[in-house]
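Model the full assembly from the supplied sequences, consistent with the hints where possible.
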Amino acid sequence: MARIRPQVGKWYKDTETEQLFEVVAVDDGSDSVEVQLIDGELCQYDMESWRQLSLETVEEPEDWRNAFELSDDDYRFLDDTMVPENWNNPLSEIESDIVNGLLDEY
451 MARIRPQVGK WYKDTETEQL FEVVAVDDGS DSVEVQLIDG ELCQYDMESW RQLSLETVEE
511 PEDWRNAFEL SDDDYRFLDD TMVPENWNNP LSEIESDIVN GLLDEY
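Numbering (my numbering), first residue to last: 451 to 556.
Do not take every clue at face value.
[Claimed, not checked] If you anchor each label on the Cβ, the simulated ranges turn out as follows:
(1) Gly479 - Glu509: 27 to 35 Å
(2) Glu512 - Asp478: 25 to 33 Å
(3) Val458 - Glu512: 17 to 25 Å
(4) Glu512 - Asp481: 26 to 34 Å
(5) Asp496 - Thr465: 19 to 27 Å
(6) Ser480 - Glu512: 16 to 24 Å
(7) Glu466 - Gln494: 17 to 25 Å
(8) Glu512 - Gly479: 31 to 39 Å
(9) Thr507 - Ser482: 18 to 26 Å
(10) Glu512 - Val474: 16 to 24 Å
(11) Val476 - Ser504: 16 to 24 Å
(12) Arg455 - Pro511: 19 to 27 Å
(13) Glu491 - Ile454: 19 to 27 Å
These aren't lab readings, by the way, just hints derived from the structure by calculation.
Values in this document were obtained by computation on a predicted structure and should not be read as measured data.
For each residue, glycine too, the CB sits at the ideal point set by N, CA and C.
Laid out in structure tokens, this is it:
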């Protein structure tokens, strides 16, 4: 029986099925836990079912990104803000209603 409280971002192993998963959401209002299996599939447990699981906490698997076909290069600039070299003010792309001093009415 699981006496482990679900925590978002933590990885767990169901010792009966050997399935690895990460908790991605805990909804206290509906008493449910949403998990993402290592293959990318999403599952949801109610708290009663969660408590009946035979779980242990585990470290994040090294190969968890394989199911999503992501590489280390995909995460290189994850925290960096990327700005295009030819950045223009987005407001300059909006056409004015006034053209050559005349109001363009529809």
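Do the beta carbons of valine 458 and glutamate 512 sit within 17 to 25 Å of each other?
Check passed, 21 Å falls within 17 to 25 Å.
Range hint compliance [Cβ, serine 480 to glutamate 512, 16 to 24 Å]:
At 33 Å between Cβs, range violated.
I want to verify a distance hint. Is the separation of the beta carbons of glutamate 512 and aspartate 478 within 25 to 33 Å?
For aspartate 478 against glutamate 512, whose Cβ atoms are near 32 Å apart, the range 25 to 33 Å holds.
Honestly, do glycine 479 and glutamate 509 meet the 27 to 35 Å range at C-beta?
Between glycine 479 and glutamate 509, where Cβ atoms are some 30 Å apart, the hint holds.
Verify the CB-CB distance for threonine 507 and serine 482 against the hinted window 18 to 26 Å.
Holds - the Cβ-Cβ distance for threonine 507 and serine 482, about 20 Å, lies within 18 to 26 Å.
So does valine 476 sit 16 to 24 Å from serine 504, Cβ to Cβ?
Given about 19 Å between the Cβ atoms, the range holds.
Does the Cβ distance between arginine 455 and proline 511 fall inside 19 to 27 Å?
holds (21 Å)
Outcome for the supplied range 16 to 24 Å, where the beta carbon pair is glutamate 512 and valine 474
19 Å Cβ-Cβ, so the 16 to 24 Å window holds.
Verify the CB-CB distance for glutamate 512 and aspartate 481 against the hinted window 26 to 34 Å.
holds (33 Å)
Honestly, do glutamate 491 and isoleucine 454 meet the 19 to 27 Å range at C-beta?
holds (21 Å)
Given the range 19 to 27 Å, decide if the beta-carbon distance of aspartate 496 to threonine 465 lies inside it.
holds (20 Å)
Cβ separation of glutamate 512 and glycine 479, checked against the hinted range 31 to 39 Å
Holds, since glutamate 512 and glycine 479 (Cβ atoms, about 35 Å apart) stay within the stated range.
Hint 6 from the earlier list is the only one contradicted by this structure; the remaining hints agree with it.
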